[in-house]
Each structure stands twice: as C-alpha cells, then as structure tokens.
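My request is simple: use the sequences and hints to build the entire structure.
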Amino acid sequence: MLGMAEEMNALVAFVEAVKISHRNQKDLILFLLFVLTPLNLLKMLSDHHLPPTLVIDLFPTQPTNPTTKLELNFVSLVLATLSTLSIAYFSAMVCSGEKATLEAMFLKVRRTWWRPAATLIYVIILVSLPSAVFLLMLKMPSAGLIEKLGFLPMFVMIILFSVFMILWVLCLSFAHRWGLVNSITEEGCYGMEAIRRSWDFMRQRKLQVFLLVLLSLPQELVVLKVSSYLKTGELIQIAWALPLYLIGAIYDSLVYTVFYCYNN
Numbered sequence: 023m024l025g026m027a028e029e030m031n032a033l034v035a036f037v038e039a040v041k042i043s044h045r046n047q048k049d050l051i052l053f054l055l056f057v058l059t060p061l062n063l064l065k066m067l068s069d070h071h072l073p074p075t076l077v078i079d080l081f082p083t084q085p086t087n088p089t090t091k092l093e094l095n096f097v098s099l100v101l102a103t104l105s106t107l108s109i110a111y112f113s114a115m116v117c118s119g120e121k122a123t124l125e126a127m128f129l130k131v132r133r134t135w136w137r138p139a140a141t142l143i144y145v146i147i148l149v150s151l152p153s154a155v156f157l158l159m160l161k162m163p164s165a166g167l168i169e170k171l172g173f174l175p176m177f178v179m180i181i182l183f184s185v186f187m188i189l190w191v192l193c194l195s196f197a198h199r200w201g202l203v204n205s206i207t208e209e210g211c212y213g214m215e216a217i218r219r220s221w222d223f224m225r226q227r228k229l230q231v232f233l234l235v236l237l238s239l240p241q242e243l244v245v246l247k248v249s250s251y252l253k254t255g256e257l258i259q260i261a262w263a264l265p266l267y268l269i270g271a272i273y274d275s276l277v278y279t280v281f282y283c284y285n286n
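If you're matching positions, the sequence shown starts at 23 in our numbering and goes up one per residue.
It is worth saying that the hints were derived from the structure and are not from the lab.
Hints may contain errors.
To be verified - As a list, the in silico DSS-like pairs of lysine-lysine whose alpha-carbon atoms are at most 30 angstroms apart: (1) Lys228 with Lys247; (2) Lys121 with Lys48; (3) Lys247 with Lys41; (4) Lys253 with Lys121; (5) Lys121 with Lys41; (6) Lys48 with Lys247; (7) Lys48 with Lys130; (8) Lys41 with Lys228.
Stated by the list, open to error - Ranges between beta-carbon positions, derived for each pair: (9) Val34 with Phe56: 28 to 34 angstroms; (10) Ile269 with Val155: 36 to 42 angstroms; (11) Val191 with Leu266: 21 to 27 angstroms; (12) Leu104 with Leu76: 15 to 21 angstroms; (13) Pro175 with Pro73: 38 to 44 angstroms; (14) Val40 with Val155: 41 to 47 angstroms; (15) Gly210 with Pro73: 40 to 46 angstroms; (16) Ile180 with Phe56: 43 to 49 angstroms; (17) Glu93 with Val40: 37 to 43 angstroms; (18) Pro73 with Pro265: 35 to 41 angstroms; (19) Leu174 with Val34: 46 to 52 angstroms; (20) Gln241 with Val131: 37 to 43 angstroms.
Given the structure is predicted, the values throughout are model-derived calculations rather than measurements.
Here a beta-carbon is modelled for each residue, glycine too, at the ideal position from N, C-alpha and C.
Have a look at this one:
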C-alpha cells in the first residue's frame with residue numbers, strides 16, 4: 023500500500039478500512055478476544071472497584087463540589103493506555119502490510135515499545151501544559167486575576183482559552199494517531215520527530231484531513247455513546263456494548279491509519 027502513485031481521498035479510506043478488516047478477520051478476532059477484551063474488562067473492574075489514586079480539587083477555596091474535583095485512577099489509566107497502544111499497533115501493522123498475528127504483534131511490541139511510549143508521553147505533556155499553566159494562574163493568590171480583571175473580561179478569557187484548547191487538542195489528536203503510527207513503523211522516529219511528521223502531513227492535506235474528520239464524526243459519536251453503557255456496571259449492557267465499542271474503536275483507528283499510510 024505504501025508508495026502508491028495516486029493519493030487516497032478521505033471517503034476511500036472508509037472503504038479500504040473495511041477491506042483490511044475482512045482480509046485480516048482471523049487476526050482481528052484473535053486480537054479482540056485475547057488482547058482488547060481482557061484489557062478493557064480489567065479497566066472496567068478497576069473503575070468500579072478501585073478507589074481514585076489521586077483526587078485534585080480544582081477550586082479548593084470554593085465550597086465542596088463534586089463537579090470541580092478531578093479523580094484519577096492510575097490503574098485504569100495504565101490499562102486504557104495499553105488498550106490504545108495495542109489498537110495502534112494492530113492498525114499500523116495491517117495497514118503497512120505486515121502480518122498482525124498475536125505472535126508477530128508480541129515480537130513487534132517487544133522490539134519497539136519504547137518509541138510509541140515516548141511519543142505518547144510527549145503528546146500528554148503537550149495536552150496538559152496549557153491547562154496546567156492556566157489553572158495555576160487562576161489559583162495563585164498573588165495573581166488575583168479574577169479580582170483584577172472583573173467578571174466579564176475573565177469570562178471572555180475563559181471562552182477564548184476554551185476555543186484554543188479545543189483546536190489544540192484536535193491538532194494533537196492527529197499527532198497522537200499518526201505520531202504513534204510513525205513510531206511503530208519507522209526506525210528512529212519517535213517523540214517530537216514523530217509528532218512533527220504527523221503535523222507536516224496534516225498541513226499538506228488540510229482539505230482531505232478536514233473531510234476525514236467530518237466523515238468520521240458520526241461513527242465516533244456512536245462509539246462514544248456506546249462507551250457510556252460500559253460505565254453502568256450492568257452485565258447485560260456490557261455484554262453487547264463492549265464488543266460494539268471495541269469494533270468501532272478499531273475501525274476508527276484503521277480509517278485514520280490507512281489514510282496516513284497510503285498517502286505518506
């Protein structure tokens with residue numbers, strides 16, 4: 023697939039992702055059964071039965087409000103990260119023409135795991151840094167931004183920052199998706215170099231990337247809705263929602279990965 027003369031447009035990527043799923047259906051089923059399903063079941067168990075590892079009160083000077091508390095479960099975060107990385111490995115391998123058997127994936131992970139891990143750490147830092155700086159500015163007593171600026175300017179500032187963060191996270195989502203692909207498939211490419219390459223790819227194909235986002239939005243909303251049923255803890259809902267959620271997550275990853283691999 024790599025090195026083709028003609029470029030793949032956004033719409034064709036959805037069709038090609040279905041074809042790839044069909045060609046690799048045996049490996050896909052084994053991957054679902056023995057990798058993704060156990061990881062996500064363990065994640066759900068940790069969400070429901072383990073207490074938060076860290077609780078951060080975003081506004082400690084205000085009256086206690088559950089909506090202003092950020093609860094972090096490190097076990098759940100680690101399992102979610104492993105699930106994300108495993109999907110990235112499967113997608114990158116099948117879309118670049120490699121075999122994606124469980125044995126081949128294990129060998130690939132053992133040899134290259136540190137590259138996508140480093141890229142993911144950079145993405146997390148880039149996502150977290152603006153929010154951390156903004157929250158520190160709000161919480162520092164010496165700054166007193168709310169008192170100095172007044173309600174209306176502060177409200178406008180928060181709106182502008184929210185818009186910036188939406189655009190920033192959207193850009194980093196491509197760095198996350200395609201940066202991991204770079205880290206998995208290319209020797210010596212990881213961290214900021216992998217992120218830079220994904221941003222260069224996005225700038226060169228702005229229109230097609232925009233169309234890809236628009237076309238994939240409905241399926242991503244469906245996947246998001248299905249994932250909400252996993253939080254109920256009811257076995258009947260989990261029994262049908264988990265397979266749909268995992269299949270949707272893999273297909274979404276395949277769409278973006280095949281578009282990137284074919285055109286890169």
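Status of each hint after checking the structure:
{"no.": "1", "hint": "Lys228 with Lys247", "in the structure": "holds, 28 angstroms"}
{"no.": "2", "hint": "Lys121 with Lys48", "in the structure": "holds, 11 angstroms"}
{"no.": "3", "hint": "Lys247 with Lys41", "in the structure": "holds, 25 angstroms"}
{"no.": "4", "hint": "Lys253 with Lys121", "in the structure": "violated, 34 angstroms"}
{"no.": "5", "hint": "Lys121 with Lys41", "in the structure": "holds, 15 angstroms"}
{"no.": "6", "hint": "Lys48 with Lys247", "in the structure": "holds, 27 angstroms"}
{"no.": "7", "hint": "Lys48 with Lys130", "in the structure": "holds, 19 angstroms"}
{"no.": "8", "hint": "Lys41 with Lys228", "in the structure": "holds, 25 angstroms"}
{"no.": "9", "hint": "Val34 with Phe56: 28 to 34 angstroms", "in the structure": "holds, 31 angstroms"}
{"no.": "10", "hint": "Ile269 with Val155: 36 to 42 angstroms", "in the structure": "holds, 39 angstroms"}
{"no.": "11", "hint": "Val191 with Leu266: 21 to 27 angstroms", "in the structure": "holds, 25 angstroms"}
{"no.": "12", "hint": "Leu104 with Leu76: 15 to 21 angstroms", "in the structure": "holds, 19 angstroms"}
{"no.": "13", "hint": "Pro175 with Pro73: 38 to 44 angstroms", "in the structure": "holds, 40 angstroms"}
{"no.": "14", "hint": "Val40 with Val155: 41 to 47 angstroms", "in the structure": "holds, 43 angstroms"}
{"no.": "15", "hint": "Gly210 with Pro73: 40 to 46 angstroms", "in the structure": "holds, 42 angstroms"}
{"no.": "16", "hint": "Ile180 with Phe56: 43 to 49 angstroms", "in the structure": "holds, 46 angstroms"}
{"no.": "17", "hint": "Glu93 with Val40: 37 to 43 angstroms", "in the structure": "holds, 38 angstroms"}
{"no.": "18", "hint": "Pro73 with Pro265: 35 to 41 angstroms", "in the structure": "violated, 29 angstroms"}
{"no.": "19", "hint": "Leu174 with Val34: 46 to 52 angstroms", "in the structure": "holds, 48 angstroms"}
{"no.": "20", "hint": "Gln241 with Val131: 37 to 43 angstroms", "in the structure": "violated, 27 angstroms"}
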